[in-house]
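*Asks:* Work out the full structure: start from the sequences and follow the hints.
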Amino acid sequence: MKQGSKKWIMVVFALSAIMTLGACKKKVAPPPPPPPPPPAAPTASLSVNPNTIQKGQSTTLTWETSNATDVNIDGIGAVKPSGSQQVTPEDSTTYHLMAKGAGGSQEATARVTVTAPPPPTPQPTASEQELFAQNVKDIYFDYDKYDVRADQSAALQADAQFLAQHQNITFVIEGHCDERGSTEYNLALGDNRANAVKNALVQAGVNASRIKTISYGKEKPFCSESNEQCWQQNRRGHFVYGQ
Amino acid sequence: MPTTNNRTPRANLSLHFPKSRFTMTSYRTKMLKHRFVICNAFALRHVLCLLLMLVLGLPCFAQDWIRTGTGLGVQKVRIAVPDFKTSSSDPKNADLLKTFNDTLWNDLDNAGIFDLASKSFYPMQAPGQPTEVNFNAWSSAPVSALMLVFGNLGVNGNNVAVQGWLYDLKNISSPQILGKQYQDTASSDAVRLIAHKFANEIIYRLGGGVQGIAETKIYFVSTRTGKKEIWGMDYDGANQHQITHLGTTSLSPRISPDNSRIAFSSLGKTGWDIRMFSLDLDRPVTFQHYAGTNLSPAWSPDGTKIAFSSSRGGDPDIYVADASAGGDARRITISPGPDVSPVWNPKTGTQIAFVSGRTGLPQVYTMEADGTNTQRLTDQGYAVSPAWSPNGQFLAFAWIRKYGPGEPGSSDIYLMDVVSKQWVQLTHDGGRNDFPSWSPDSRHIIFQSNRSGGLQLWTMLADGTKQTQLTNSGTNTQPNWSWK
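In the order they appear, the protein sequences are chains H and U.
Oh and the first sequence: position 193 is 181 in the numbering used here, straight run, nothing missing.
Oh and the second sequence: position 35 is 118 in the numbering used here, straight run, nothing missing.
Hints are supplied without guarantee of correctness; some may be wrong.
Unchecked claim - With a straight-line Cα cutoff of 30 Å, these simulated DSS-like cross-link-like pairs (lysine-lysine) come out: (1) Lys208(H) <-> Lys485(U); (2) Lys310(U) <-> Lys567(U); (3) Lys133(H) <-> Lys504(U); (4) Lys200(H) <-> Lys310(U); (5) Lys125(H) <-> Lys352(U); (6) Lys310(U) <-> Lys133(H); (7) Lys208(H) <-> Lys310(U); (8) Lys168(U) <-> Lys300(U); (9) Lys208(H) <-> Lys352(U); (10) Lys485(U) <-> Lys133(H); (11) Lys352(U) <-> Lys200(H); (12) Lys430(U) <-> Lys567(U).
Hints are computed from structural coordinates only; laboratory data are not their basis.
*Replies:* What follows is the structure in structure tokens.
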């Protein structure tokens, strides 16, 4: 049996060789037809926008190919010839696209850079607090007095204007006194000072519910020398943001 | 315990100021000097004081300021107080004996009613027992004592025993006025307490029936921990100890009449609150929170009410609330400007003195405890921190009398007779003196002063003499003397 099979294989091989050779000769014969146009080479482009993101954010991959039958992006897999997709890479990544078609293959790459998240997202109010500190001026008093004196009214109006423009700010007015008065009396006087500033602001249109007051008397001085310049520094209604 | 005879309160201060003795002086300041004599009130006190005025008047004119004395009109009793002897041979005797002798001497010296004969005059042999008393040696010059205090102390194991006597040297046949025995554990605190108790007995017998103050306490504010906390100490400055541990700023301690609680003001999250500390429980106890700035609590003499300053209504006014937990606060002043530092008349409980800035610079006022009948007491300057004497007669307060540009502006302690509004200046030594507080016997005043540098606590007799510094460590302010 084995001997028989081998013979058959030999015969088939010989016959097919003869036929093949014969056919070839026939093809050469006609005038050469215009060669079929070689299949066009594929094109591909890949972009990522934005190309820098913070960890946790997503970005959009967009690609276009032509003459490709088989489009792959590493890490994503087979995709349509053109399209876009949202990606959320954990780390910086170079996306690699391979477009294959009859005319060959084409690669395209795009890199997205992932940055570490910024330190705790800055409070949107931080700048507001800075603005408060820059714009809201303390109100100064005469010795043993708690009425807002004439030369302070401009500062008070400016304070009221700023506070009207920043309606969501709440704040504390601290009443302070200089070291010369007696402890208990100064605390009561400081309360009167804080409330005098509060009342003036309320009159100027600031909602009273935004304002808290506290007296420090002479317990928390700004300045500790015994002269009028220093004492004046300590006789004030001092604004503190928030709380 | 016999109570003070109010009809003849021998040791109570009374202020006399004969109009004929007003005089213009031209010494140094060329200011009007009011002449006063404070003297012990006796049956014949008016006559005696007038006589003394006449006798002492001329030399007094030569002084820049007038020295007044609790002793004027009454001879201070000359008393000899030799060191006690030991009655055992225990090695702990020496330390405890020194503590006892120092404390007893200091108590009698502080009392303000004795003339203590100097120890350098004493005979070589001091008695430790009645049989050892040589009357003549103590009553003749140079000791010249009318009274003799003597006794002995002995440690036996863990206990100490003290025997003490008070002898009237003029009454040889029956000299004993007082004979006392004490036993306690052998510690310096116990020995100091025995000395205080014995001193109180002597002061009570010889001081017109007024209880001594040797066992009284003083509460104050100290910065020793870096924060202002409430502290306490014995009346003589011994045993200084921290009471509150709040870590914030605590001010204005006021001890209750029964010594059980301290009311004070403390800076909390939203402002100043009246707080209450129980000495019995050794912890803060509940007191109602009020909005605004709440300051300067003061006990009614029956211990049921607290007067304090509160701005809960938008302006610092005086309120009265229940002392138990601070409820039911009622406003009793209504003027604009600071009203603060109330103090009850401890004798009657029907009047309150306080400080108000209603006319500008703070002045001292009185009113009925319901807020009616307000009267202004001080006529000028900057007057704060009134303290009512336990006998109801005087207000001590801090006054910058001549306030203004170019004026020295020193704050001194003054005394004012509440009825006549006549006053006398007690401190003259410069610096800033503030927050006077009376001892229960109305004979002493403790106050804060920066005359030695930082703010410290000082005591003096109510006539301004014997000014003595009690504290040294940190800054110590706002003293408050216990009621008993």
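*Asks:* Does Lys485(U) lie within 30 Å of Lys208(H) when you go C-alpha to C-alpha?
*Replies:* holds, 27 Å
*Asks:* Going straight from one Cα to the other, do Lys352(U) and Lys200(H) come out at no more than 30 Å?
*Replies:* Holds: Lys352(U) and Lys200(H) sit about 12 Å apart, inside 30 Å.
*Asks:* Taking 30 Å as the top limit, are the C-alpha atoms of Lys125(H) and Lys352(U) close enough?
*Replies:* holds, 24 Å
*Asks:* Check whether the Cα positions of Lys133(H) and Lys504(U) lie no farther apart than 30 Å.
*Replies:* Holds, at roughly 27 Å.
*Asks:* Tell me if the straight-line CA distance from Lys430(U) to Lys567(U) falls inside 30 Å.
*Replies:* holds, 13 Å
*Asks:* Has the given pair, Lys208(H) with Lys310(U), been kept, meaning a C-alpha gap of at most 30 Å?
*Replies:* holds, 12 Å
*Asks:* Given the hint that Lys310(U) pairs with Lys567(U), test it: the Cα-Cα distance must not exceed 30 Å.
*Replies:* holds, 29 Å
*Asks:* Given the hint that Lys485(U) pairs with Lys133(H), test it: the Cα-Cα distance must not exceed 30 Å.
*Replies:* Holds, because 18 Å separates the two Cα atoms, which is no more than 30 Å.
*Asks:* CA of Lys200(H) to CA of Lys310(U), is that 30 Å or under?
*Replies:* Holds, at roughly 25 Å.
*Asks:* For a C-alpha distance cap of 30 Å, please report whether Lys310(U) and Lys133(H) respect it.
*Replies:* Distance of about 29 Å is within 30 Å: holds.
*Asks:* Given the proposed pairing of Lys208(H) with Lys352(U), does the C-alpha separation stay at or below 30 Å?
*Replies:* Holds: Lys208(H) and Lys352(U) sit about 15 Å apart, inside 30 Å.
*Asks:* Could you grab the alpha-carbon distance between Lys168(U) and Lys300(U) and see if it respects the 30 Å cut-off?
*Replies:* Answer holds: Lys168(U) to Lys300(U) is near 29 Å, not above 30 Å.
Figure legend: structure checked against the earlier numbered hints; every hint is met.
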